[in-house]
Amino acid sequence: MKTLKKAVVVPVLANVQVTHDTWHITLEDKQIAHDSCGGQFVNVFVPQNNGVLWRRPFGIHTTDPDKGVFTLLYKQIGRGTTALTTVKAGEALDILGPLGNCFTHTSDLKEAIIVAGGIGIAPFPLFIQHLVQHSVKISVFYGARSKIDFCCLDFFRQTGVNLHLATEDGSSGHKGFITAPLLAYLQTLPDKPGARIYVCGPTPMLAKMKELCRDTGVPAEVSVETMMGCGFGACMGCPVPLENPASDGRLYALACKDGPVFNLEEIRFDE
Amino acid sequence: MSDLTLKIGRLVLANPVTVASGTFGYAEEFADFIDLNQLGGIITKTVTLEPRPGNPPPRIAETSGGMLNSIGLPNVGVQKFITDKMPFLRTLTTKIIVNVAGKSAEDYPEIIRILDAVEGIDAYELNYSCPNVKEGGLSFSANAHVAESVTKSVRAVTNRPIIAKLTPNVTAIGEIGLAVEQGGADAVSAVNTFVGMAIDIPSRRPKIAMVTAGYSGPAIKPLALAKVYELYKKIHIPIIGIGGICDTNDAIEFLIAGAAAIQVGTANFWDPCISIKIVEGLQTWCRQNHIQKITELTGSLKIK
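Just so you know, the protein sequences line up as chains A and B, in that order. Reminder that position 203 of the first sequence reads as 274 in this note's numbering, one-by-one numbering, no gaps. Reminder that position 67 of the second sequence reads as 69 in this note's numbering, one-by-one numbering, no gaps.
A hint or two may mislead.
Listed next, the in silico DSSO-like pairs over lysine-lysine satisfying Cα-Cα at most 30 Å (straight line) [what the hints assert, rightly or not]:
#1 Lys209/B <-> Lys279/A
#2 Lys101/A <-> Lys146/A
#3 Lys9/B <-> Lys328/A
#4 Lys263/A <-> Lys146/A
#5 Lys82/B <-> Lys105/B
#6 Lys328/A <-> Lys279/B
#7 Lys209/B <-> Lys97/B
#8 Lys328/A <-> Lys87/B
#9 Lys97/B <-> Lys328/A
#10 Lys97/B <-> Lys77/A
#11 Lys209/B <-> Lys281/A
#12 Lys77/A <-> Lys87/B
#13 Lys9/B <-> Lys97/B
#14 Lys82/B <-> Lys159/A
#15 Lys146/A <-> Lys209/B
#16 Lys77/A <-> Lys279/B
#17 Lys77/A <-> Lys82/B
#18 Lys101/A <-> Lys279/B
#19 Lys105/B <-> Lys328/A
#20 Lys328/A <-> Lys82/B
Residues from chain A shown here face chain B by an in silico Cβ test under 8 Å; the list is partial [as the list claims (entries may be wrong)]:
#21 Ala160
#22 Arg228
#23 Gly231
#24 Asp319
Simulated from the structure, these hints should not be mistaken for lab results. Computed from a predicted structure; not experimentally measured. C-beta: ideal position from N, C-alpha, C; glycine also.
Turn these sequences into a full structure, and let the hints steer you where they fit.
Next up, the structure:
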């Protein structure tokens, strides 16, 4: 059955800074905690601040269906996310969700290779929570500018995933982009047909990943990050250029409605 | 209960709250959030003769109190609109107003002729004024003669009510309003977006791929209100007020300035339930203020 999107005001249980620029907020809503799958997002109405109008979309980070709570991981970047950092436990947030589609888990999946750049890590723990229950082998390739930017390392260690780190400044793991150790890994991968890559990160990284997946023949899904005016298909402000026109002639998909998860080979990165 | 019904020409609306074209998709996008039948009417996303892919990204930018958009009227074209979108719209009891745009003047009567054979459409809104289309063909409401002749050509092919949506990017909107009235329009909707732009300083690039864009949201409300007032003094057909309406008070201001009905636009994006909240808000306000009929409000501005 199709999950209904809904507009709901939910209690904030915690809103905690976890790195120098990244926050973790815990929200209570039974339905969202129960129904959401990895890749989906909620669109958050931030407290009015400096003329902010739009909601801000955030991938659902984790859920706890038993407790009826879910969390978001967000980086403080602009007016919206700055306003969000001021929200305190005990207050409430107006959200829409769950929105968008999910990462695909087909029955032939033997190994999930998760590739994240920076805050692109945010939507993966929920997906990993799901995969763990299905005994899928999980490898995580996680790149950041510096050691101080990493989040959820404890979660990965507890989950027992095969974790690879890279930092641009070399303060932790491989020095450079995460795509280098990933490429080395893919080249020695014994069971390519059972493997699938799931990626989220900055656009230059996605463009590089597209090349890498083409070269190694490992299929990939990507969660795109774009500006959104509404989050549910009304404003059409989040077009994602398609590599080839769709069967109905469309040149663009909508990140909010058709995504945010796409097959990497289907979408184009212009810059 | 106060009487919220009103007439736009021959079109009877259950209440003055409608939703603006381009902010409400083809209504199905909002079906999870609200009871669509509580609305006075739904104005669809623009339909054109041929499918359009829309503009490249970035299409939207947020500014203080407003937003810029240059979406470029992406749509499936009139034939697929009829087969793919109308079946859902036909299930609704609220009024369905189909927004139509042409690349050329000849497109308008042609699309209307096609749609006129389709059941479940209550009226047309003619988009004369999308600022975001490359062809430049959509500035039909910037010239009074052109606006009049296009309206006339549509009037000749349909008996359904026609509403001309006017651009505010003109010197004298009242003249354009009179011209479409002469051309046989049953009503005008005013206003479409204002031309605006925003620049990303580090890259010195426009924040919108098409450089300029349509500006909407609460920031334009005073500008739009003045245009509605200007039209009200000049024309004799009903005005559907639009421009930055975010709550019940905004809607009431438009009615007092001269609008018979209103459209909620940009606010639908951050609050998909806002249109229904305004319907409820109007009912409450009318009761509290002993307004028997909402039509009493239209043009009730007191100047002294």
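Results of checking the hints against the structure:
{"no.": "1", "hint": "Lys209/B <-> Lys279/A", "result": "25 Å, holds"}
{"no.": "2", "hint": "Lys101/A <-> Lys146/A", "result": "25 Å, holds"}
{"no.": "3", "hint": "Lys9/B <-> Lys328/A", "result": "36 Å, violated"}
{"no.": "4", "hint": "Lys263/A <-> Lys146/A", "result": "34 Å, violated"}
{"no.": "5", "hint": "Lys82/B <-> Lys105/B", "result": "18 Å, holds"}
{"no.": "6", "hint": "Lys328/A <-> Lys279/B", "result": "25 Å, holds"}
{"no.": "7", "hint": "Lys209/B <-> Lys97/B", "result": "36 Å, violated"}
{"no.": "8", "hint": "Lys328/A <-> Lys87/B", "result": "16 Å, holds"}
{"no.": "9", "hint": "Lys97/B <-> Lys328/A", "result": "26 Å, holds"}
{"no.": "10", "hint": "Lys97/B <-> Lys77/A", "result": "24 Å, holds"}
{"no.": "11", "hint": "Lys209/B <-> Lys281/A", "result": "26 Å, holds"}
{"no.": "12", "hint": "Lys77/A <-> Lys87/B", "result": "22 Å, holds"}
{"no.": "13", "hint": "Lys9/B <-> Lys97/B", "result": "12 Å, holds"}
{"no.": "14", "hint": "Lys82/B <-> Lys159/A", "result": "48 Å, violated"}
{"no.": "15", "hint": "Lys146/A <-> Lys209/B", "result": "22 Å, holds"}
{"no.": "16", "hint": "Lys77/A <-> Lys279/B", "result": "15 Å, holds"}
{"no.": "17", "hint": "Lys77/A <-> Lys82/B", "result": "28 Å, holds"}
{"no.": "18", "hint": "Lys101/A <-> Lys279/B", "result": "25 Å, holds"}
{"no.": "19", "hint": "Lys105/B <-> Lys328/A", "result": "28 Å, holds"}
{"no.": "20", "hint": "Lys328/A <-> Lys82/B", "result": "19 Å, holds"}
{"no.": "21", "hint": "Ala160", "result": "24 Å, violated"}
{"no.": "22", "hint": "Arg228", "result": "38 Å, violated"}
{"no.": "23", "hint": "Gly231", "result": "38 Å, violated"}
{"no.": "24", "hint": "Asp319", "result": "7 Å, holds"}
The structure is inconsistent with the numbered hints 3, 4, 7, 14, 21, 22, 23, although it conforms to all the rest.
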